[in-house]
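Visitor: Now for the letters of each chain:
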Amino acid sequence: MPRSQSAHATALKVESVRETSRPRRAMRETKRLSKRVVQKADGRYLIYYEKN
Amino acid sequence: MSELRWHPLLEEWVTVAPWRQDRTYHPPADHCPLCPTRPGHLETEIPEPDYHIAVFENRFPSFTAEQGRCEVVCYTPVHDSSLGEQSVEHIQDLIEVWRDRTEELGRLRNVRYVYIFENRGEAIGVTLSHPHGQIYAYPFVPPVMQHELKAHARHQRATGRCIYCDVLVGEKGGERTVLRDEHWIAFVPPFARWPYEVHIAPLRHRNGLLDLDAQDSESFARILKAMLQKYDRLFDIPLPYVMAMHQKPPGRGGIDHHFHVEFFPPNRSRDKLKYLAGSELGAGAFIVDARAEDTAAELRGL
Chain U
21 MPRSQSAHAT ALKVESVRET SRPRRAMRET KRLSKRVVQK ADGRYLIYYE
71 KN
Chain B
187 MSELRWHPLL EEWVTVAPWR QDRTYHPPAD HCPLCPTRPG HLETEIPEPD
237 YHIAVFENRF PSFTAEQGRC EVVCYTPVHD SSLGEQSVEH IQDLIEVWRD
287 RTEELGRLRN VRYVYIFENR GEAIGVTLSH PHGQIYAYPF VPPVMQHELK
337 AHARHQRATG RCIYCDVLVG EKGGERTVLR DEHWIAFVPP FARWPYEVHI
387 APLRHRNGLL DLDAQDSESF ARILKAMLQK YDRLFDIPLP YVMAMHQKPP
437 GRGGIDHHFH VEFFPPNRSR DKLKYLAGSE LGAGAFIVDA RAEDTAAELR
487 GL
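Chains as they are written, first to last, in the numbering used here: chain U, 21 to 72; chain B, 187 to 488.
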């Protein structure tokens with residue numbers, strides 16, 4: 021975001037507290053997939069989701 | 187990075203990303219960047235010879251670095267396929283991927299909304315035909331979601347109820363229902379702006395993908411597949427559409443929403459498209475050529 025837009029930069033302010041815990045209902049679900057993250061030559065990430 | 191410019195009249199952000207002008211445009215099938223890399227061929231975005239489901243950062247992103255993320259979700263390694271052709275089990279796997287991305291992208295510092303969507307078909311402007319969707323992790327809450335969240339909050343203050351739950355109460359008669367099971371409904375909303383617009387929603391109040399349990403996910407997969415199969419039977423063509431998932435913004439415990447998926451096929455018949463023209467694009471006022479009750483009956487009967 022360009023600094024010149026600072027009048028509206030409040031939209032990007034970091035929340036001091038973020039909700040990071042997974043909802044209780046979702047935690048009960050068994051994972052179907054495993055996840056493998058690799059980095060591409062240009063720095064971008066690529067994620068393989070594979071059957072457990 | 188993109189430049190975010192504020193539209194003072196509409197009070198919304200416009201994202202300027204000039205490099206997207208050079209993005210890959212309708213490559214031949216044997217040069218598809220979303221296929222696995224075949225031995226002896228050029229390396230694609232996915233270097234391995236096979237995959238189940240793969241996600242990568244868009245090479246031509248609208249948001250990157252501290253602004254957010256743009257990801258491509260490759261549903262299947264099979265080039266000539268579609269989301270609706272996947273098995274229910276595979277779609278359940280995909281739902282798990284969507285959930286994982288919602289959680290991970292929602293934790294990024296400046297991300298205010300994780301938007302999962304699919305553009306399908308050339309009529310929608312798709313430049314790669316391989317079955318895939320996208321995820322935008324925005325540094326702001328997009329205008330449509332802002333409108334919805336505000337309407338929801340106003341309704342909740344006035345009535346104590348969720349506005350979308352009340353919309354679903356209005357569908358009990360079934361006149362606009364396309365598909366329904368114990369947990370989910372697919373229906374043409376009475377306020378549809380496109381002839382074959384459909385919403386898929388959980389009947390019980392769920393905030394978003396992270397709020398779904400295993401039973402919700404299985405039912406969601408079944409109804410999503412069935413709806414997409416109906417769409418392709420409608421005119422006996424792979425029906426173009428935009429699929430848009432609306433869920434609660436991340437990290438905002440107090441904000442409530444009712445998860446739902448909106449589908450916008452541009453077709454009003456097999457050969458005719460609805461265009462956004464003077465009233466829709468210039469004034470923001472949609473004129474729709476069909477009654478939701480009639481198109482729902484047509485889709486229900488397929």
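Fair warning: there could be bad hints in the mix.
Said to hold, decoys possible - Straight-line alpha carbon distances no greater than 30 Å define the calculated DSS-like cross-link-like pairs of lysine-lysine that follow:
1. B/Lys358 to B/Lys336
2. B/Lys458 to B/Lys411
3. U/Lys51 to B/Lys458
4. B/Lys358 to U/Lys55
5. U/Lys71 to U/Lys60
6. B/Lys358 to B/Lys411
7. U/Lys51 to U/Lys71
8. U/Lys71 to B/Lys458
9. U/Lys55 to U/Lys71
Source of the hints: derived by calculation from the structure; they are not laboratory data.
Visitor: Is U/Lys51 close enough to B/Lys458, meaning Cα to Cα at most 30 Å?
Guide: violated (43 Å)
Visitor: Between B/Lys458 and B/Lys411, is the straight-line Cα distance small enough, at 30 Å or below?
Guide: holds (25 Å)
Visitor: Measure nothing beyond the straight line between the CA atoms of B/Lys358 and U/Lys55; if it is 30 Å or shorter, mark the hint as holding.
Guide: Judged against 30 Å, a Cα distance of about 41 Å means the pair is violated.
Visitor: Quick one, are B/Lys358 and B/Lys411 close enough, alpha carbons at most 30 Å?
Guide: holds (22 Å)
Visitor: For the pair supplied as a hint, U/Lys71 and B/Lys458, confirm whether the alpha-carbon distance does not exceed 30 Å.
Guide: Roughly 41 Å between the alpha carbons, so the hint for U/Lys71 and B/Lys458 is violated.
Visitor: Take the C-alpha atoms of U/Lys71 and U/Lys60, compute the straight-line distance between them, and say whether it is at most 30 Å.
Guide: Holds. U/Lys71 to U/Lys60 sits at ~22 Å (cutoff 30 Å).
Visitor: U/Lys55 and U/Lys71 were given as a pair; does the straight-line alpha-carbon distance stay at or below 30 Å?
Guide: holds (9 Å)
Visitor: CA of B/Lys358 to CA of B/Lys336, is that 30 Å or under?
Guide: At roughly 25 Å apart (the allowed maximum being 30 Å), B/Lys336 and B/Lys358 satisfy the hint.
Visitor: Hint check: U/Lys51 vs U/Lys71, CA-CA at most 30 Å. Holds or violated?
Guide: Distance of about 9 Å is within 30 Å: holds.
Violated hints for the displayed structure, listed by number in ascending order: 3, 4 and 8.
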